[in-house]
Amino acid sequence: MNASATDAQTIQAFCIDYVSRLTDTPPERVDPSVEVERLGLDSATAVALIMSLEERFGIELMPEMLFDYPTIAKLSDHLASRLTAEGRST
Amino acid sequence: MPGVLTDSAAPVLEAEGVGTISLLREREGAKYGGSPEGIRKHYDLDTDFWKLVLGPTVTYSCALFQGPDDKLDDAQQRKIGWHLAASGAHSARAALDIGCGWGSVLRNVSAIPGVERVVGLTLSKTQAEYLWSQQIPRVEVRVENWAEHEPELPYDSIISIGAFEHFAKPEETPQEKIAVYADFFERCHRWLSPSGRMSLQTMAFGNMTREEASDFMNREIFPDSDLPSLDDILKAVNGLFEVVAFRNDRLHYARTYDRWSANLRQNRDRAVALVGEEAVARTEQYFKLISMGFRMGKEHLLRFALRPIRKSWAVSGADYWGI
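Each protein sequence line maps, in turn, to chains U and G.
In this text, residue positions in the first sequence follow numbering that gives the first Met the number 0: the first is 0, and each later residue adds one.
In this text, residue positions in the second sequence follow numbering that gives the first Met the number 0: the first is 0, and each later residue adds one.
Keep in mind that the hints were calculated from the coordinates and are not lab data.
Fair warning: this is a prediction, and the values are worked out from it, not measured in the lab.
C-beta: ideal position from N, C-alpha, C; glycine also.
One should not assume that every hint holds.
Per label pair, the in silico range of CB-to-CB distance [what the hints assert, rightly or not]:
| id | chain 1 | residue 1 | chain 2 | residue 2 | range |
| --- | --- | --- | --- | --- | --- |
| 1 | G | E128 | U | Q8 | 52 to 62 Å |
| 2 | U | R20 | G | E210 | 23 to 33 Å |
| 3 | U | E53 | G | R218 | 37 to 47 Å |
So that you can see chain G by itself, here it is in the shape it has in the complex (with noise of 0.2 Å):
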């Protein structure tokens, strides 16, 4: 679809980025937008662990609750329900789950009438062959960083949830990491089809830096990543993509860990049968560190639908009522 690939709208990058992007990639390698190690040692435990913890359909994101009764799985579906309606996920050919985890989204969009291929990325191994042994119809899983996915055809609905976490470094200086999350956000512009749309789910640093953070959550359970602020999201997405809707669920966040930390507790055993002791122990430190956290508001837990920006008004003013 010629014109399609090529309708950038990237001033961020054009202006001051491309240069910094280039000096990255250079001198961070493979670690580039997800450092390969580092997303392998937090998510690379036996799937059957996570399974335990995160239930049935081993999702590893905040839910959406309606109350605190509310199901942790019905939480999840709602969650994902969210998502789909922000992507136009029901109404696409095409689409793509930058960081498909254990492919919950995957198997909710796969599941839509009229959607023929969807791309699942993940770095994580574990992850891909649990995807590859499902054999989910209509859907690709790659394991293949965002930075190198170079799609042959544009996707009419992108979600990402829970990757955007792993983007930058700790070392990087806070222009270097607006300029990979801006050189995220061009890529995706790309490739979405001129109605395309996108929609986002990632934790934040709230009324905290990195420096705050203990040094446990740094070194044991986020190594390699840095979190992102609201305001390096805005000023990485100006210009690319408006913002439709945002949510700040960092209580939902806190209640989703808690109810992750009464599944451990509930099966120990076998948890520590699993994975050993010391992971699970570790694991129980994290869970509540975290849920204090999103509690006191040091993280934030953001969701964004978001609309390309495009210069063609026939698209930019058209009608759409997903959220």
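Same shape as in the complex, but just chain U (with noise of 0.2 Å):
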């Protein structure tokens, strides 16, 4: 497994943990495949959860990451490479 795939894993799981407590739902229903406003997140819930990834991964964020990545398993994916090419790990 590669670095770049195990950071993707790392964002993920921490997101559907910060999903599933924000919206009180059990995490194996947090399905990161569908868009994040389907998963219960309004506006606020989603200012949130960027502002909990960038502490997390001490990354900058823009709301508009969401608009252009609306699901947690493209979020993952985008921050993962993103990460990576900055050369850092999670």
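Put the complex together from the two separate chains, hints included.
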């Protein structure tokens, strides 16, 4: 397993755990392949997710990212490749 | 100039608004038309902090981008250019900027050949003191509410960017809000010379009401203020101004806020030294929330070019190619 794939998995697990606690949903029911608004996030909780990702992974994120990468899976892949490009690991 | 300041076509106020306005003025006192406390709470952080975040011209309003790689300063200058054209500033002798902020519009208008006088109104003493210290030629800055402004001579150009957001209060009824806005437009109409023009830029509610906005935004960012809807504005200008041009640039504001977020992050340590961790954290959250809101269409960013409705054929039918 290469570093980038591990990173994407770590980020995805973080997102699923965060959304699970935020929406009071069991983690196994947080589907990473559906759009985040269908997971029960609104603008405030989506911003909370963005800010917690920033803090956890030390990376700057803008809300537009959620419109370019609207699912947890796409978001995690994107962040992992950004972290790899910046020479950082999770 | 006899006649100019009395050429009022104000059916909204004459029909239903005058009683409402005097009652509101009595009830709200100095808060009518814009709460000084609400404004100061939001804007009176250290000017050096806002310079770090907003850039050297301290322009705290939505820019006008040409593309994703456009620089913020260029996009801000393009926005100012749009307003100068929309308000006919290039052929003005006297101009008014309502909600002048840190003076980026004042500086641009003052530099136009032929402009003899520019008046800027703000409710923020921090902004006024900053501008007084700059001594911009031909510019007079006043700490004054538009509802108290009494010009001696008419203006040829009126620009208002990012002030209208603060004119109405959450406790006002929908009819009262529109009456306040109509009072504003009626005054602007009265202050304009016969061929004068006006431009307006404001945030507005999109697919959201104030009740649906977050407590954080209502309490911490826009206390004592309520946003208009497009419909409110159209009702309030009815009979006073015709809408010459209109844009909804909500995605431009999302991008503007994202650029400010990036500036703040890059200068975070200096920002914390200037205003403290709590204010920086609050600003970070606010920028991200509002950027998200603009992306989702909860808030809109409206820009208008307005032409006063006049009884005179010669004025209302004359060519004008500003925008």
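- Tell me, which hint numbers fail for this structure? Per hint list: single violation, 3.
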